[in-house]
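Below are the chains, spelled out letter by letter.
Protein chains: 2
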Amino acid sequence: MITRDDIEKAHGKIKPFIHHTPVLTNSSINEMAGAELYFKCENFQKIGAFKIRGGMNASLSLTPEQLAKGLATHSSGNHAQAIAFAAKTLGTKAYIVMPSNSPSVKVNAVNGYGAEVIFCEPNQAARETALQKVVDETGAEFIHPYDDDRVITGQATCVKELIATVPGLDIIFTPVGGGGLLSGTALGVHYFHPTAKVFAGEPEGAADAILSFRSGRVEKAPYVNTIADGLLTTLSERTLLIIRNHVTDIFLVSEEEIKAALRLVYERMKIVVEPSCVVPLAAMLKNKEQFKGKKIGIILTGGNVDLKKFAEWFKD
Amino acid sequence: MITRDDIEKAHGKIKPFIHHTPVLTNSSINEMAGAELYFKCENFQKIGAFKIRGGMNASLSLTPEQLAKGLATHSSGNHAQAIAFAAKTLGTKAYIVMPSNSPSVKVNAVNGYGAEVIFCEPNQAARETALQKVVDETGAEFIHPYDDDRVITGQATCVKELIATVPGLDIIFTPVGGGGLLSGTALGVHYFHPTAKVFAGEPEGAADAILSFRSGRVEKAPYVNTIADGLLTTLSERTLLIIRNHVTDIFLVSEEEIKAALRLVYERMKIVVEPSCVVPLAAMLKNKEQFKGKKIGIILTGGNVDLKKFAEWFKD
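Chains A and B, in that order, give the protein sequences.
Heads up: the first sequence begins at 43 in this note's numbering, then just goes up one per residue.
Heads up: the second sequence begins at 43 in this note's numbering, then just goes up one per residue.
Bound-form chain A, shown alone (with noise of 0.2 Å):
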């Protein structure tokens, strides 16, 4: 059971190794929402998203013995990029495993961190055999990306920069794709502004959360598809259960909604976001009935993003 005192620690921890990030307010999108929003901008923060905060939390759990031989994980998203960070700024190694057809941007953005790139056939079963394959050889730590309790803990540390930052939040917002962010910040609202209530956002083409939030068991989406690419992955038992116990509702929205939400940050915001990231603001403003007046806090999670796919999502 993760502690308030673990999440008070992890920020003391980490905090040398991060930006602590600005809160925005736009009031075009203030007055189209009919609610006070702050946006929690992650996509400012080292290696341009919140993953760095459990990425170097679980690294600097380690003895020095374990750091030595180095850290090890499976993603070809932001958090390959967090624990390739974190190698490099802490002097060891890191192994990441990627599926062969991962977009070369991503395997760059880890090579320049100077990471070992492990390449394996784009299917679960290879990907876990190749992440074996490196621990046993290594004796490398794997980290994985949400299904971690130190990760969880050290996701946990945005929502309290943000209920610091922001006082009188009455909802929080995040959207959810493995649940790393959604549990760990709905543990950092149970412990450090209890009166607030965590929301999340779901892209429809990838609306396994709110199956399993609903059933109660980890269950898959009924179809993937959506350009919200860091969302794509399943809950696992550990960050249901936290979602579950701590987590008001879950929405979905569609790519339309998604297109529409990440067009407003761009032309009114003027920041660079991932469309992840505005799957909550989507959520948000799809039921803002629900949420009229309200104070909202909005964790946007990352801007890594490939410029080349602007063509598609802004082409009307």
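In case anyone wonders, no lab produced these hints; they're calculated from the structure.
Note that the structure is a prediction, hence the values are computed from the model and not measured.
All C-beta atoms, glycine included, are put in the ideal place defined by N, C-alpha and C.
Accuracy of the hints is not assured; some may be wrong.
[What the hints assert, rightly or not] A few chain A residues facing chain B, derived, Cβ under 8 Å:
hint, residue
1, F86
2, G90
3, S103
4, R286
5, F293
6, Y308
7, E309
8, K312
9, I313
10, V314
11, G345
12, L349
13, K350
14, A353
15, F356
16, K357
Based on the hints, put chain B in the right spot on chain A.
For chain B alone, kept in the frame of chain A given last:
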């Protein structure tokens, strides 16, 4: 002659109507540049560009009788939005002369502030005729985009803020189009931080200012072809005189250099800026030996982009 006191008074007058924009830094761009760069983010300014400073200062210089008759200008860019916003904020009318081939996104932005758009043929003579007609009919005050001391004085408040936020700058860099921002910046540096030198960047495909700067006469660009569409205008006698007196040098950059700098700002800083914005950064990077180890302020002028253009800018 614009005085130190003029700039201070202008700043006091416009402050309630504008944002005090943040200054951002980026460690990987600093590493690349071999210098310390401080970006004054006017893309986060009201109307998404610094132009509100000059537009608002000019509007606030009017008597109540003058103001009641309305504001007029010709522009299809950020100055049009600045005048439209100033009129709306101060409770008067704005008349904006725009070429009939203006992109609808720009027309809509001006309409969105409640201004009246008067279309004209896309040439200089038609524009001036249409403007004169509006002024004659309505008695509205013409506020030129840059050939106006009230506008230049307003633009000077931007570097005044930058100097106050970041002490000890060695260099200040801006783009140059008609020279309103550059001449205002040069005067601001002259009065508030005279040990710093002022440089400007200009696109090769709109290279009038560098020729005028060298010859001492207002020159035309040899050819016009650039994605930096905020820099197509030509210096006036007024702005040239100030620039010749107070600017150290102007550098040209190619379209490829502009696109590379644009990509850098999107990918590393995670902010949305116009191509015109990054011309100083491109110029600094191109001449980085000259600026090694210096503390450099760069004004990022605006973030009003048509998202459809991303496909063209970031296609590779």
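Hints and how they fare:
1. For A/F86, the suggested interface contact is upheld, since its CB lies about 6 Å from the closest CB of chain B, less than 8 Å.
2. Because the closest C-beta pair between A/G90 and chain B is about 6 Å apart, less than 8 Å, the hint holds.
3. The interface hint given for A/S103 is violated, since its Cβ lies 26 Å from the closest Cβ of chain B, which is over the 8 Å cut-off.
4. With a cut of 8 Å, the hint placing A/R286 at the interface with chain B is violated, because the nearest CB-to-CB distance is about 33 Å.
5. Checking A/F293 against chain B: minimum C-beta separation of about 25 Å lies over 8 Å; hint violated.
6. Hint on A/Y308 holds. Least Cβ distance to chain B is approximately 5 Å, under the 8 Å limit.
7. Residue-level restraint check for A/E309 holds (minimum Cβ-Cβ distance to chain B is 7 Å; threshold 8 Å).
8. Annotation: A/K312 was flagged as interfacial toward chain B, and the flag holds, the nearest CB pair being 4 Å apart, inside 8 Å.
9. Because the beta carbon of A/I313 sits about 6 Å from the nearest beta carbon in chain B, less than 8 Å, this interface hint is met.
10. The criterion of a C-beta within 8 Å of any C-beta in chain B is met by A/V314, whose closest approach is roughly 4 Å, and the hint holds.
11. Interface hint status for A/G345: upheld, as the beta-carbon distance to the closest one in chain B is roughly 4 Å, under 8 Å.
12. Contact between A/L349 and chain B, as hinted, is supported at the beta carbon level, the nearest pair being about 4 Å apart and thus within 8 Å.
13. Annotation: A/K350 was flagged as interfacial toward chain B, and the flag holds, the nearest CB pair being 6 Å apart, inside 8 Å.
14. A hinted interface residue such as A/A353 counts as satisfied when its beta carbon comes closer than 8 Å to some beta carbon of chain B; here the least separation is about 4 Å, so the hint holds.
15. Given hint, A/F356 at the interface with chain B, holds; its Cβ is 4 Å from that chain's nearest Cβ, closer than 8 Å.
16. Hint on A/K357 holds. Least Cβ distance to chain B is approximately 7 Å, under the 8 Å limit.
The structure shown violates the earlier hints numbered 3, 4, 5.
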